[in-house]
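Numbering (the working numbering), first residue to last: 1 to 198.
By construction, these hints were calculated from the structure, which means they are not laboratory data.
Careful: at least some of the hints might be erroneous.
Said to hold, decoys possible - Capping the alpha-carbon separation at 30 angstroms, the derived lysine-lysine pairs in DSBU-like fashion look like this:
| id | residue 1 | residue 2 |
| --- | --- | --- |
| 1 | Lys129 | Lys150 |
| 2 | Lys171 | Lys153 |
| 3 | Lys160 | Lys150 |
| 4 | Lys116 | Lys86 |
| 5 | Lys130 | Lys171 |
| 6 | Lys160 | Lys129 |
| 7 | Lys130 | Lys160 |
| 8 | Lys135 | Lys153 |
| 9 | Lys130 | Lys86 |
| 10 | Lys160 | Lys171 |
| 11 | Lys153 | Lys116 |
| 12 | Lys86 | Lys104 |
| 13 | Lys104 | Lys69 |
| 14 | Lys171 | Lys135 |
| 15 | Lys104 | Lys135 |
| 16 | Lys86 | Lys129 |
| 17 | Lys104 | Lys77 |
| 18 | Lys130 | Lys77 |
| 19 | Lys129 | Lys116 |
| 20 | Lys116 | Lys130 |
| 21 | Lys135 | Lys116 |
| 22 | Lys116 | Lys69 |
| 23 | Lys171 | Lys150 |
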Amino acid sequence: MSPIPRRSILKAAAVAGAAAQFSWALGAKDAQAAPRAAEADDSPVTLDWLEDGGLGAAPGSTVGVPWPKGVYQEGQKFAVQDADGKAVPVQSWPIAYWPDGSLKWTAHAVSSGNGKLSLSAGDAAVPDKKVTVDKSGGTITVSTGVITAKIGKSGATLIKSVTRGSTEIAKNGRLVLIRQPEIEDEDQGTVRTERFEG
1 MSPIPRRSIL KAAAVAGAAA QFSWALGAKD AQAAPRAAEA DDSPVTLDWL EDGGLGAAPG
61 STVGVPWPKG VYQEGQKFAV QDADGKAVPV QSWPIAYWPD GSLKWTAHAV SSGNGKLSLS
121 AGDAAVPDKK VTVDKSGGTI TVSTGVITAK IGKSGATLIK SVTRGSTEIA KNGRLVLIRQ
181 PEIEDEDQGT VRTERFEG
């Protein structure tokens, strides 16, 4: 393939630039702004799943929703309903703001519901079982209603215990770091590790 001469490129650029200056003579119209979008409102947004099965296929999903400028202000609460109109618990938080301070993007974590969901302004439904956190002395107790974990604030034991119902399923969980300072040849039969606890 032969290269294009520089002179040809410069000529073509000069002709294109001159033609652009006289486009009015060829009947070109002035540029117009795009038609204004319909005024934004706060009508419900339909959330639909790409995969079949809704949240059954992806439990604990989070979805992001963009908002037109000025529709919702910081602190707005959101509610979700399923196709039958039943309230579905949701946790919402802002992701981005417009320069005027209104919400640009929000995230919504939904734990249940199949098919289409509807997101609208309003108070979220309260879940049947709430996660509770209790800080007492040197222990933080987290309970999901099914599992209870006791976490130490200090000391060698990070997870003091994990129980499910009345059965203790784990206890005395510690953080352990194993450091291997160099690549070792396993054929020699010696493996050296150092153990750190904290």
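Q.
Check whether the Cα positions of Lys160 and Lys129 lie no farther apart than 30 angstroms.
A. Roughly 23 angstroms separates the two Cα atoms, so the pair holds.
(Q) So if I understand the rule, the pair passes when the alpha-carbon distance is 30 angstroms or less; does Lys104 with Lys77 pass? (A) holds, 14 angstroms
Q: Decide if the proposed pair is consistent with the structure: Lys116 and Lys69, CA atoms, cutoff 30 angstroms inclusive.
A: Holds: Lys116 and Lys69 sit about 25 angstroms apart, inside 30 angstroms.
Q) Given the hint that Lys104 pairs with Lys135, does the C-alpha gap stay at or below 30 angstroms? A) violated, 35 angstroms
Q. Is the straight-line distance between the alpha-carbon of Lys129 and that of Lys150 30 angstroms or less?
A. Holds. Lys129 to Lys150 sits at ~18 angstroms (cutoff 30 angstroms).
Q) Holds or violated: Lys129 with Lys116, Cα cutoff 30 angstroms? A) Between Lys129 and Lys116 the Cα gap is close to 23 angstroms, so the pair holds against 30 angstroms.
Q. Does the structure keep Lys171 and Lys135 at a Cα separation of 30 angstroms or less?
A. holds, 19 angstroms
Q | Hinted pair Lys153 and Lys116, Cα distance within 30 angstroms | A | violated, 43 angstroms
(Q) Checking one constraint from the list: CA of Lys160 to CA of Lys171, max 30 angstroms. Satisfied? (A) holds, 5 angstroms
Q: Would you mind confirming whether the straight-line C-alpha gap from Lys86 to Lys104 stays at or under 30 angstroms?
A: Holds, at roughly 27 angstroms.
Q | Restraint status (C-alpha distance of Lys135 to Lys116 at most 30 angstroms) | A | violated, 39 angstroms
Q) Between Lys130 and Lys77, is the straight-line Cα distance small enough, at 30 angstroms or below? A) Holds, because 18 angstroms separates the two Cα atoms, which is no more than 30 angstroms.
Checked against the numbered hints given earlier, the structure breaks hints 11, 15 and 21 and satisfies all the rest.
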